[in-house]
Every structure is written in structure tokens, then in C-alpha cells.
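With these hints in hand, go ahead and build the complete structure from the sequences.
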Amino acid sequence: MTSATLRHSVWILRGNPLTAVAATGVLVFVLVAIFGPWIVPYDPVASNVSKALQPPSATHIAGTDQLGRDVFSRLIIATRLDLAIAVSAVGISFVIGAVVGAFCGYAGGRLDRAVGRFVDVMMAFPLFVLAMAMVAALGNRIENIVIATAIINLPFYIRFARAEVNVRRNVGWVEAARACGESHFSVVLRFLLPNILPAMAVQISLNLGWAILNAAGLSFIGLGVKPPTPEWGIMVAEGARFISTGRWWLVAFPGLALMMAVLCFNLLGDGMRDILDPRMRT
Amino acid sequence: MSEDLLRIDNLHVAFSTRRGMVEAVRGVTLTVKAGEMLGLVGESGSGKSVTGFATTRLLDAAGRVTGGRILFRGQDVTKLRGDDLRQLQGAAMSMIFQNPRAALNPIRAIGLQIADAILTHKRISKEAARAEALDLLRAVQIRDPEARMNAYPHELSGGMCQRVMIAIAISCNPALLIADEPTTGLDVTTQKVVMDLLADIAAARGMATILITHDLGLAARYCRRIAVMERGRIVEEASPGALFSAPQHAYTRRLVAASPTATSRIEDLVTEEERERYTAVLGKPRPVPAHGTPPLLEVRKLAKRFDQGSAAVADFSMTMSGGESVGLVGESGSGKSTTSRMICRLIDPSEGDIVFDGQSIGHVASRDFHRSPLRKDIQMVFQDPNESLNPRFTAFDCIAHPLTRLDGMRAGEALRKRVEECAERVGLPLDLLPRFPHQLSGGQKARVGIARAIACRPRLLVLDEPTAALDVSVQAVVLQLLDRLRRENDIALLFVSHDLNVVRMLCDRTIVLRNGGIVEQGESRALFDNPKTDYTRKLVEAIPHIETGPKLAAAL
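These protein sequence lines are chains A and B, in that order. Residue numbers for the first sequence follow my numbering, so the first one is 156 and each next one is one higher. Residue numbers for the second sequence follow my numbering, so the first one is 12 and each next one is one higher.
Honestly, the hints are just simulated from the structure, not real lab data. Each hint should be verified, as a subset may be incorrect.
[Said to hold, decoys possible] Residues on chain A that point at chain B, a partial pick, calculated with CB under 7 Å:
id, residue
1, F280
2, G327
3, S338
4, F340
[What the hints assert, rightly or not] As a list, the in silico SDA-like pairs of lysine to any residue whose alpha-carbon atoms are at most 25 Å apart:
id, chain 1, residue 1, chain 2, residue 2
5, B, K387, A, G327
6, B, K387, A, S341
7, B, K387, A, S338
8, B, K387, A, L344
9, B, K549, B, I212
10, B, K387, A, V326
11, A, K381, A, R314
Just so it is clear, CB atoms sit at the ideal spot from N, CA and C, and this is done for glycine as well.
Following this line, the structure appears as C-alpha cells:
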């Protein structure tokens, strides 16, 4: 079975080179996140004012910042933090959102309407402002960024899972599962949820990109990760001060890293749907 | 009438797929004369619809005409471009599709949709087009056409939507109408009304019609000439009489044999070679329950009301003994599916009781019934085999599911054996077990569904239109399988269907439902031969029959 899945994945990737590129990109980001501390050429937090604000060169391929820290090393180390925030936030909102949404979509009725209105109210808020407010209220810590990002992602998962389950709840194989002795509870958890997973994978992938942007955005405006911790958003924020004097590398490289990460996750979405959907396997 | 309106010469159509080019039509030659109704009959995958689509140039992007010509009034359709093509589509020939609801625009009033079709091809004012649309609604016999002009498709029944489709199709007086399964999915009574209407309109307007259908009986009733297609080729072309009394090609013989008629028995549905194996089973006498044995199933005054509105089912009572087969027939909306699901304990009745084997189960909430020891005794086979298998389960998982849940079996050798046993029982090749549903054909999926239902050796099997989505030859095999299971394993069958020919063959007794209530019930053959109520008579008369034997000889 695993070899069939692998062969199928290879087939999909070959037919869709963009997905292959995106998958490779995501893989590179993940590897960098894991092995970052071992591959950095310089200490990301060690300042050396004598070497401040040097443009990209052979020794510092992405230049140095105002405190003489190596921008490239900081980018590498920041990967882990940015991905960790995004993955844990999306993970939390996916698990809660999918389960809540699936049960609402399956049960319908009063619970469904109540949750539906609550989601509507949440989505009426400007979500980034909501995240800002939460971090400001809860305190400027990484776990609070994760919680805030998870909460503003939640409505999408609830709605998505609800809609996907709702169209399937009266399908023959759901009734068949009940005739085979499954309770309503296990029908939702063990039958409906796995079946909406391919569709949700696309949402997860898109959301990861958005969550990275969101975390970086919070840090950019000073809510979130605090200096001197390397983080893409802070790096852009700090570098922004030097754009007017022509020190473009301080902003361009972290900006590029952000853009590439978001782009890779977004492109991966569609490819993942094709790989996870058993109907595409022939 | 020497001139052919349409002449298809050695047509080849291929589709590009993952596995390269696949030929769907390989050398079809056909002629249609003006004003004639031709039946194009075949099972799914025979290429009959593709031929229709190629003729109207509606093939989807992956399909291509790779050879042959389609001459319409002497002009090669396959070479038309631009304006000529638009003139052809709709104005000179038009098409009616299988699912009328999907073919209509859901957010535009039907009167406007008909007017749109007229305006595409005629330079007339909007008012004139509306007036014409109103005339067309009258022509297709829609009641109260003025009011219906502003109705949306969802406000109309399936039969009404198909009438609107016919109105659109005939709006520009085409010379050729291609009807692709125009009545599949409609009730038999509606089917008759719609087909009668179509035939009348075609005759009155002198339109030629190609009726594409899988139903030999339907084609026989309305067409003078029938072409039978198999795997992209026309294997036989003849008048219905000749076709059914003396089919020439082996495939036609099989198809004719498999089509149930008013008098056929289950054992008749296969060709002679296969019949022997089956009659061996029929020879064995069935155990007759001792007198005074309590019935297996007793339903008392069952009723179901959904949230608001009138009762879907009311005052429904019946009894069944072990090994008996009972048919539950009625049009859509008659409450037969609701009733079957209440008996299966998938939904709760509002009133009444269900007694199974002496135990009252009507009051056990359906949400708790999965814990009942009787769960495995009442199993169900669902309507559409394409939808009744979990897409993430292999055939093996599907059949193993009830065994692990209800018989407490664990993964291992014993489970594998039981699953293989069930698969063999329903004639499913064992090498198909690791496949996912989408890798199986409709008939194979139906078998998996039945294997799953019989895996725990139930005593009552509820079947919800189990063959409605299947080709007749597959249907024949499935029906025989069910009958054999009943005879050999003493499983009682509650067979829900709108196909009266099938019910007549399979069921000892039949219950006719209408608007949630029992209209008539009795021994099947007696009930169908001498219906006591008008409703049952209407149902019986609406079934298109293949007339065989003396009746047909007299007609010739």
C-alpha cells in the first residue's frame, strides 16, 4: 500500500512540476528549520559593531545588520521559530475546527445554528486586528501568538468541515456504516473526518502560508517575538529603518524568505489534494 | 422518404486518458430518416451517448472524432465551424439530457430559459419570444403555463423539468432530436407521460428522434427501429419485433434475455448455458416454517413525521416470516425509503412499533440501536452502489467492517477467510478485494455492498432499489444472487423498488405504497395480474414491456 501511495505521489508530481517545486521548497524549509543551528556560518545573535551594515559579500552572503550580525545566519535560525508558530497554530485550529465543524454539519439543528452564528460574528471582525488585540491582552509571548493565530484560523476550519460533512451526511456509505454498527459519534470521527481530509489538506496548506505571514506581521508591529530573537517579521521591521539609506539587504532577504515560504505552502495545496484523494489513484 | 436526414459513416471517437487514447466508438454506421424515431440501445460504456454527443458536436475536450463522417442533410457535421456550427446546434438538431434538473439553469425562470433558446436562433423581439415560450409550455402540456413561466427549476418536479427541457429542445423546430436517457431517474408513470408526449410532439412536428436508452422495453415501445450497441460498435439493427423474437447477435440475445418482462422468471434472465447452474439451486425445496411460528418481522401502525408538514408514512403495518420476500413499491415520495430505514432502525418512527423475532425494537432509539444484539440480524443494501461504499475503504475493508464491529472479529486469518467466503458467495473475484471502490465497476460495487450486508448472516435484508443503477445484464445476475441467498440461507428480503417487473419476479408478496400509506397488498402475481386499485393499475400499465410470444406474433 505504501509503495502504491509513493508511486502515485511520484505520478502526480511528474504531471504537475509546480507541485514538485513547491514540495521541494517546503522540504528545504523544514530541513533548514530542523538542522538550522548546525548549518549556520555565524552566531545569529553575536553582535560585532565593527562589521555593521555590510552589503552582501562572499563572507556574509546576505550582508550584516546594524549590529553586525550575519543576516543569513539569522534567516536560517528564524525558520524554525516561524514554522513552529505557524504549524502549531494551524494544527490547533485544524483539530478543533474540523471536529467541531464536522459534528455541527452532521447533527444540524440548534447546535449547528448557534456555532454558525458565532463563526459569522468572528469572521465579521478584521481578523488581524483581533489577533493583535489578543496578543496585547494576553501578553507578548510566543504561546500567545500561537493561540491568537489559532483562534483567527478557527472559523475557516469550522465552516469548511461543516460544509464538507453536511453534503455527505446522508450518503449511502454513512448509512451503511451505521447499519454495520457504528454510533453517530464514530461515524463522524472515523468515517466522515477521514473523507474530508483531502479537501482540508488544501486548506491547511494555504493556511500555513497565511499563519506564517500573520506571525511575522505581529512581530513586525512589535507584538509578538521580541528582539534579539531572530524572526523574519522582526528582521523586516528592523531593516525597514535602513531602506531609505540604500541598505536593501536587511529587508529584501527576510522578505524573500517569507514570500518563498508562503508561496511554497500555497502551491503545495492543490498537489496535496490530488495525492490524498484515493479517487485520483487509478 | 428515400433521403436520409442523418447518415453516420464508420464513426470513430477516441478519448485521451491517463492510459493513452481510448476508443469509445469504433466504427458506427447509422442512418436516420426524417420523422423517424430510432432507438439506440446499449449498456453503460457501449458508446451510445458518445455517438449522440459526437453528432451534436458536444464532445468534451478530451474526446475527438478520429475517423468517419457524420452527414446531416448531406453536410459533414464534423467539419463545421463557427456560425454554421451554431446554426446546427439547437436549430437544426438539439439534445435532451438525462438529468433535466442539472441541465436547467437553477437561478433563471423557466419561461426566460425557453425564450433565451429562441432568441439565440431567431431575430425576434423579447415579447414575441416570451409568447412563443408560453406556447411551447402549452405544447409540452404544463398545467397553468402562465404562472409556470416565472417558476424556477427547483419548484418543479423531475417530470416537469424534463418537459421544460423538451420545450427548449423543440423551440426552434429542429429536424433531429437526440434524447439521451430522457426518462432515467423518473418514476414509471412519469416516464410514460413524458415519453408519450415526446413521441406525439415528434410525430406532430415531423422531427426525427434518436432515443438513447439502456431500457430495451422503452425503445421497443416507442421506436420502429432499434440499433444495439456494444463496446463502441453496432452489433445489430432491426425492428423491435425481429429483435426480440429472433435476436441475431449473441450480445443482443443476452440483453433480451436479461430484460425482465411481465412473464419472465428469475431463471429466465440468463442465457441457456448459465441457466443450469441456477436451476440446480431452485430445485431444492425451501423449508416451510412450522405452523404457528411467530413472524420474523411484525410492523404495527408505523408512522413518521418529519419536523413539520404532513406524515411521510402513516399507519403502515406488515408482517414477514423468515425466508420470505416482500416487495415495497411506489413512486418517489411514496414513503418507501423512509419505511425501509425505519425498519432498518436507521431513523426513528414517530408512532407505532416494530417487532423483530418477538422483540420490540421500534422503541429502541436509532442512535442506540448499533449496540443492540439484533443489529447484525437486520442489514441493508443501499441504492446507489457508487455511493454506498466508503471511498477510503478497499473492498476487503468494506466487507470486513460489519464483521469487526458486529461479530467482534479481529484482523487476521479468520477474518480474511470470512471476507473471502462472503466475496465468493456473491461472485466477487478475490483479486478485486484490495481495490478501492472507484476501481470497481458498478456491478462489482453492488456485489461488495451485498457481501457486506450478508457478512454477519442477517435474517432480514432490506434492499433499497439495489439494482436501479445497474445495467440489465448485471441486474439479472444480482437478482439471481439475491434469490439464491434467500433460498439457501433463509434470509428474508424486503425489496424496495419502483421496477415492478423486478418485484414481480423476486417477491412472494407485494405492498403498494402511495403518499405514505398502503394502497394495496397481496401475492405478487395476483396483484400485478389483477390490480384492484386504479393506482396499482396505472403503475402496472406504465411499465414498458418487451412483447414476446403470441402477442407479438399477432401484432406483426
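Structure-based check of all given hints:
no.	hint	verdict
1	F280	violated (31 Å)
2	G327	holds (3 Å)
3	S338	holds (5 Å)
4	F340	violated (9 Å)
5	B:K387 to A:G327	holds (18 Å)
6	B:K387 to A:S341	holds (17 Å)
7	B:K387 to A:S338	holds (14 Å)
8	B:K387 to A:L344	holds (22 Å)
9	B:K549 to B:I212	holds (23 Å)
10	B:K387 to A:V326	holds (21 Å)
11	A:K381 to A:R314	violated (34 Å)
Comparing the model with each earlier hint shows violations of hints 1, 4 and 11; every other hint is respected.
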